[in-house]
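Asks: In case you want the letters, here they are:
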Amino acid sequence: MPEHEADGQLATPTHEVRDFLQRRREQIAQRWADEPLFRTVFTVSRDEAVEAGKVVVDALAQVAESEQVEDPDSAGFSGVREQLARMGAARSRAGLSNTQVSSELAALRPPVENLLAADLEQAPPEHLRACSTVLTVLMGTLRLVAMQTALSEWQALSDRQRMQLLEVATPVIRLWDGIVAVPLIGTLDSARSQVVMETLLNAVVEQHARFAILDITGVPTVDSLVAQHLMKTVAAARLMGAQCIVSGIRPAIAQTIVHLGLDLDVITRASLSDALGYALHQLGTDIVNPGAGQR
Amino acid sequence: MHTAAGVEACLPIRSDMDLVWVRQHVRQAAARLGFGLVEQTKLITAASELARNTLVHGGGGQMEATHLSSGGAQGLRLAFTDKGPGIADLDRALTDGYTSGGGLGMGLSGARRLVHDFDIDSTPGHGTTVRVTCWVGRPPRPREEA
Amino acid sequence: MSDARSRPVTGHVPVLRLGDVLLVTLQGDLHDSTAQQLQQDLAETISRTGVRGVLIDISGVEIVDSFLGRVLAEIAAQAKLLAARTVVAGMRPAVAITLVELGLTLPGLSTALSTEAGMELLSQQAPVPRPGGPRQESA
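Protein chains in written order, with full-length UniProt numbering: chain A, 1 to 295; chain B, 1 to 146; chain C, 1 to 139.
No lab work stands behind these hints: they were computed from the structure.
The structure displayed is predicted, hence computed values, not measured ones.
Be aware that one or more of the hints could be misleading.
[Unchecked claim] Simulated DEER-style distance windows between Cβ atoms:
(1) B:Arg92 <-> A:Ser97: 31 to 37 Å
(2) A:Gln161 <-> C:Asp29: 50 to 56 Å
(3) C:Asp20 <-> A:Ser158: 53 to 59 Å
(4) C:Asp20 <-> A:Ser190: 41 to 47 Å
(5) B:Arg92 <-> A:Thr12: 40 to 46 Å
(6) A:Ser224 <-> C:Ala83: 37 to 43 Å
(7) B:Met17 <-> C:Pro107: 28 to 34 Å
(8) B:Gly60 <-> C:Asp29: 18 to 24 Å
(9) B:Cys10 <-> A:Glu126: 38 to 44 Å
(10) C:Ser47 <-> A:Arg160: 45 to 51 Å
(11) A:Arg86 <-> C:Gln27: 40 to 46 Å
(12) C:Pro107 <-> A:Arg93: 35 to 41 Å
(13) B:Asp119 <-> A:Glu206: 35 to 41 Å
Virtual Cβ for every residue (Gly too), placed ideally from N, Cα, C.
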């Protein structure tokens, strides 16, 4: 028999930590309020910082209750994610790097650990050690959750910037009254094709364009996916009452299209100027060269 | 992994009129979550197709809308449930042009192309549930597990 | 096709006659039965009046699903049998993108950017479109 004596039965370390968190909620929150992470984010009043601290303590207690101290996806954390994200974002805005924010999060552990040690002074040393370990793991998980949240915010930001870049990279040019063109340069993936389609169709409405020219001179390769995207754009434009012309099909691409067995059932022209000439002709305008006569 | 931030609503699908409610509800929910115009239109159209399937082939049922949150991403999940005859050959039902009703045969297969996630569960004689999910922007990446 | 027993909820979409053309303006969220009623009304009106064209303005329509898409295609097909040409005008970009993604490219349907462009199209072209698309290349 191990030496768990007089004390009666000891709670499991996880439950001990849970009880401790619930018991010492106020004190922990008070101590955290003095730490830079809380002090600098919740500047309205100290009480605000203490309240925010309590929310985090409650979440930790809930996670301990569920015995999932190592799981960043534990349901207990869901309530504090938003707050953690706000805190992280505030610190980033203040100019701190992710590493610095992370060490501020790490700084939340010692005050709690000291309180735990004081509370369990009378307990057998191995029990204190076990509880300490649980607390360390739990605080580590909290840090992970906070960093994860910060990263996904960053991911969202970079996604937004990527979309903006895509829009910038897709200029729609009005070539003539009723004719718009989009010169495509670079690789066309699904996301970009989507942006091209939307931008071009919106321009068709805004400019009352009966003709929309998709110039693919600058597109290095046309695989079946790209061809499919082109066809969708052509079909959508037709539904709106505009006609698409695909121009700038280089010989190599024409070959690929044939090899892929794709039937580009669409009006095509070798160059952008040929496409413009075709559209103008359809609109009843012709460009003539008075010197040289017919071309 | 995705946290369900709560069932938003449960709408009956019993008549023509209900299809209009379904579309209006999905439009409002999608707009609230910040879906772009094209994404909204796709989702509402998918909902319309699936709700009509529920009504016409399933003999009526319901739609349940749930707001999802995963990492920073927001999504909307719609579940259409009926207690109708079910679908015996799912593969065939998901083929373009296949129709058991009077439509163009684009209902199921078309709706699938309009959403990010599509999941169908059908037991002949017991009914069908179709779940679709759309995310604002694009679907969240699966989180790497350590 | 279910016989549309006049249901008070649904109502008719007004069909306007402008010379040789019937003009229909669709707005908002359409009931299935309203769309079917319109299809029937149009067939009757075309055969009664002998107009040469039907112009359907859908710029106010936010959703076209496969049902409404089928109704539009059927309106065009039945008008063609009655020697009238149908033009659908003003489809929004988001609706067009969705229809294409849905797999409905509605090849038999003539389209125009606006009602003005639609009227122009109806006034200048032969009443019945050739199969296989609106404008054919000449050379």
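Asks: Taking 28 to 34 Å as the hint, is the beta-carbon distance of Met17 (chain B) and Pro107 (chain C) inside that range?
Replies: Check passed, 32 Å falls within 28 to 34 Å.
Asks: Do the Cβ positions of Gln161 (chain A) and Asp29 (chain C) conform to the proposed distance bound of 50 to 56 Å?
Replies: 36 Å, violated
Asks: Could one say that the CB atoms of Asp20 (chain C) and Ser158 (chain A) fall in the range 53 to 59 Å?
Replies: Check passed, 57 Å falls within 53 to 59 Å.
Asks: With 38 to 44 Å as the target window, see if Cys10 (chain B) and Glu126 (chain A) comply at their CB atoms.
Replies: Violated, at about 53 Å.
Asks: Indicate whether the distance between the beta carbons of Pro107 (chain C) and Arg93 (chain A) respects the range 35 to 41 Å.
Replies: Since Pro107 (chain C) and Arg93 (chain A) have Cβ atoms about 54 Å apart, the given range 35 to 41 Å is violated.
Asks: Holds or violated: the 41 to 47 Å window for the beta-carbon distance between Asp20 (chain C) and Ser190 (chain A)?
Replies: The hint (41 to 47 Å, Cβ to Cβ) holds, given that Asp20 (chain C) and Ser190 (chain A) are roughly 45 Å apart.
Asks: I want to verify a distance hint. Is the separation of the beta carbons of Gly60 (chain B) and Asp29 (chain C) within 18 to 24 Å?
Replies: 20 Å, holds
Asks: Please test the hint of 37 to 43 Å on the beta carbon pair from Ser224 (chain A) and Ala83 (chain C).
Replies: 41 Å, holds
Asks: Has the hinted range 40 to 46 Å been met by the Cβ atoms of Arg92 (chain B) and Thr12 (chain A)?
Replies: 55 Å, violated
Asks: Can the suggested window of 31 to 37 Å be confirmed for the beta-carbon pair Arg92 (chain B) and Ser97 (chain A)?
Replies: Distance hint for Arg92 (chain B), Ser97 (chain A) is violated at roughly 56 Å.
Asks: Does 40 to 46 Å hold as the CB distance between Arg86 (chain A) and Gln27 (chain C), or does it fail?
Replies: Roughly 43 Å apart at Cβ, these two residues keep to the hinted range, so it holds.
Asks: Starting from the range 45 to 51 Å, see whether the pair Ser47 (chain C) and Arg160 (chain A) falls in it by beta-carbon distance.
Replies: 55 Å, violated
Comparing the model with each numbered hint stated earlier shows that hints 1, 2, 5, 9, 10 and 12 do not hold.
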